[in-house]
Amino acid sequence: MQEHYSQEIERLKTNLIKMASLVDDQAERVFNALETGDVELCRGVKPKDLEIDAYDNLITTQCENIFALFQPVAVDLRFVISSLMINNQLERCGDIAVNISQRVKKTSGFHSLIIESGILEMGQKARLMLKNSIDSFIQNNSKLAGEVILNDEEVDKLNKHCFNYLVFNMQADNSLIEPCTHLIVLTRHIERLADHATNIAESLVFYVEARLIAHQNKHPKLPEE
Amino acid sequence: MDIKLSIKNLDAYYGKNKVLNNISIDIPRNKVIAIIGPSGCGKSTFVRCLNRMHEVVGGTIKGSIELDGKEITNVDPVLIRKKMGMVFQKPNPFPSMSVFNNVASGLKLNGFGRKKDMAQVVEKCLKQAALWDEVKDHLNQGGMELSGGQQQRLCIARALAVNPEVLLMDEPASALDPISTTKIEDLIFDLKKNYTIIIVTHNMQQAARVSDYTAFFYVGDLIEYNETQKIFTIPDKKQTEDYVRGRFG
Chain C
4 MQEHYSQEIE RLKTNLIKMA SLVDDQAERV FNALETGDVE LCRGVKPKDL
54 EIDAYDNLIT TQCENIFALF QPVAVDLRFV ISSLMINNQL ERCGDIAVNI
104 SQRVKKTSGF HSLIIESGIL EMGQKARLML KNSIDSFIQN NSKLAGEVIL
154 NDEEVDKLNK HCFNYLVFNM QADNSLIEPC THLIVLTRHI ERLADHATNI
204 AESLVFYVEA RLIAHQNKHP KLPEE
Chain E
546 MDIKLSIKNL DAYYGKNKVL NNISIDIPRN KVIAIIGPSG CGKSTFVRCL
596 NRMHEVVGGT IKGSIELDGK EITNVDPVLI RKKMGMVFQK PNPFPSMSVF
646 NNVASGLKLN GFGRKKDMAQ VVEKCLKQAA LWDEVKDHLN QGGMELSGGQ
696 QQRLCIARAL AVNPEVLLMD EPASALDPIS TTKIEDLIFD LKKNYTIIIV
746 THNMQQAARV SDYTAFFYVG DLIEYNETQK IFTIPDKKQT EDYVRGRFG
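Chains C and E, in that order, give the protein sequences.
Everything in the first sequence is counted per this note's numbering, starting at 4 for the first residue and increasing by one.
Everything in the second sequence is counted per this note's numbering, starting at 546 for the first residue and increasing by one.
Please keep in mind that the hints were generated in silico from the structure rather than gathered at the bench.
Any given hint could be a false lead.
[Unchecked claim] Within a straight-line C-alpha distance of at most 20 Å, the following computed SDA-like cross-link-like pairs (lysine to any residue) qualify: (1) E:K775 <-> C:I84; (2) E:K576 <-> E:L612; (3) E:K783 <-> C:K51; (4) E:K775 <-> C:V211; (5) C:K51 <-> C:L25; (6) E:K782 <-> C:V78; (7) E:K615 <-> E:M598; (8) C:K146 <-> C:E212; (9) E:K672 <-> E:N739; (10) E:K775 <-> E:S569; (11) E:K775 <-> C:K146; (12) E:K775 <-> C:K51; (13) E:K775 <-> C:V76.
[Unchecked claim] Covered stretches of chain E, as calculated for chain C (at least 3 residues, CB under 8 Å): (14) 748-754; (15) 767-781.
[Claimed, not checked] Residues of chain C placed beyond 12 Å of chain E at every Cβ, according to the derived structure: (16) S9; (17) M88; (18) N102; (19) N143; (20) L153; (21) N177; (22) I187; (23) H192.
In this text, a Cβ means the ideal position worked out from N, Cα and C, and glycines have one as well.
I would like the entire structure built from these sequences, with the hints used as guidance.
Have a look at this one:
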């Protein structure tokens, strides 16, 4: 029973790592496409997302089985809960990679605008946040997760800067309205990617340190009844 | 915290063999306390020390046990057992007695006289034990004719009849099927409004479900005692965590 239980937990972690690797590859691919303007790199991103979705279902089922059959407690319980949360965040990251690839295709002729607006810098930071959040999960490294969380504010600032720059360009030149609109949506996707990386990092801290750190200092703690 | 039982530096022995080492626990009033730990860790010995049954099997104790602030280690054990009812692993109704008399027996032994009042007390106890509806038309039936789960609730009713303050339960549901177990667990939840309950259990999920506080014993030592929610989420001691996770050994 004990060995069987350990194997189930191990299998769950292995599948989450496989799913995270797929998401990481997708992110790597779309950010390279954004950086180089090589839209060919976006080919295959959408079909690959189906595999990520399949992992989402597999991991949800595995977690359900572990809850039903083994009634985990303490650190095991936190691991399964955080696995469910991380699974959900990774699935959303996969979708965002697809969304980014679609916007990259539509804005490939406006590379100078991408560079001047600061989208590349924002993309690199969000990309690094996602990578570190995945690494923090693989290594059970709550210190690295803490760094990811701190970086989210920087991405939010860059998002505002990009938005202002793109709006200014739309006002100055009507012909840029369409590409700038695509780029604003693109920055929104990148900003959401950073948010999901933050959520993954918060789930990791919950697992390793048994601390809920999401939404802190935003609202007083609610009573249980 | 309103403390019902305060145990300080309790040692228990069988002959020269020390089976409990320096146990100190404060047990709050109207709460359920689960005692968990592997076989031979001293769980049952601990609860038997509380109602002085440890002495019946030739054991001895050192240390202090206070009930409502009064030392009970030097008081007549019969008086203590009136205040601390006990329910055992295997239901043990008196085999030759009816359902009614099983509950009434404790009252009779304690000199409770009037028959009409006795009927009221028996009904009240059977209701408290969530058994009344099932046996009200068969009160003269033999106690042994009930199902295992009903017999255990009958024993709980019998324990309640002498109006105890503390209920000690030594694996009360381990011999019962899941439905009877659920009934006993619901009953424990209801009874804690009026009684302080100490339950020994091997079933980790049961401890998590029914208790407010949990004490983990290992080889006669109290390893950790804390709120049940903490014990089953983030215990302070690694040994406790390994045990509740089922990875002990």
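Assertion that C:N102 lies farther than 12 Å from chain E (Cβ):
C:N102 clear of chain E: closest Cβ-Cβ about 37 Å, beyond 12 Å.
Next pair to validate is E:K576 with E:L612; report whether the Cα-Cα distance is within 20 Å.
Holds, at about 15 Å.
Does E:N739 sit within 20 Å of E:K672, going by the straight-line distance between their CA atoms?
Roughly 14 Å separates the two Cα atoms, so the pair holds.
Taking C-beta pairs only, is C:N143 more than 12 Å away from all of chain E?
At roughly 15 Å from the nearest Cβ of chain E, C:N143 sits farther out than 12 Å, so the non-interface label holds.
Is the nearest Cβ of chain E still more than 12 Å from the Cβ of C:H192?
holds (36 Å)
Given the hinted pair E:K775 and C:I84, is their Cα-Cα distance within 20 Å?
Holds, at roughly 17 Å.
Apply the coverage criterion to the stretch 767-781 of chain E and chain C: a residue qualifies when its Cβ sits closer than 8 Å to a Cβ of the chain, and three qualifying residues are needed.
Holds, because 4 residues of the stretch 767-781 of chain E bring their Cβ atoms closer than 8 Å to Cβ atoms of chain C.
Under the criterion that the straight-line Cα-Cα distance not exceed 20 Å, is the pair E:K775, C:V76 satisfied?
holds (11 Å)
Would the pair E:K782 and C:V78 pass a check requiring their Cα atoms to be no farther apart than 20 Å?
With Cα atoms ~12 Å apart, E:K782 and C:V78 stay inside 20 Å; holds.
Can you confirm whether the C-alpha distance between E:K775 and C:K146 stays at or below 20 Å?
Status violated; Cα separation ~24 Å.
Would the pair E:K783 and C:K51 pass a check requiring their Cα atoms to be no farther apart than 20 Å?
Roughly 42 Å between the alpha carbons, so the hint for E:K783 and C:K51 is violated.
Status of C:N177, Cβ more than 12 Å from any chain E Cβ
Its Cβ never comes within 12 Å of chain E, the nearest being 59 Å, so this holds.
Checked against the numbered hints given earlier, this structure breaks hints 3, 11, 12 and 16; the rest are met.
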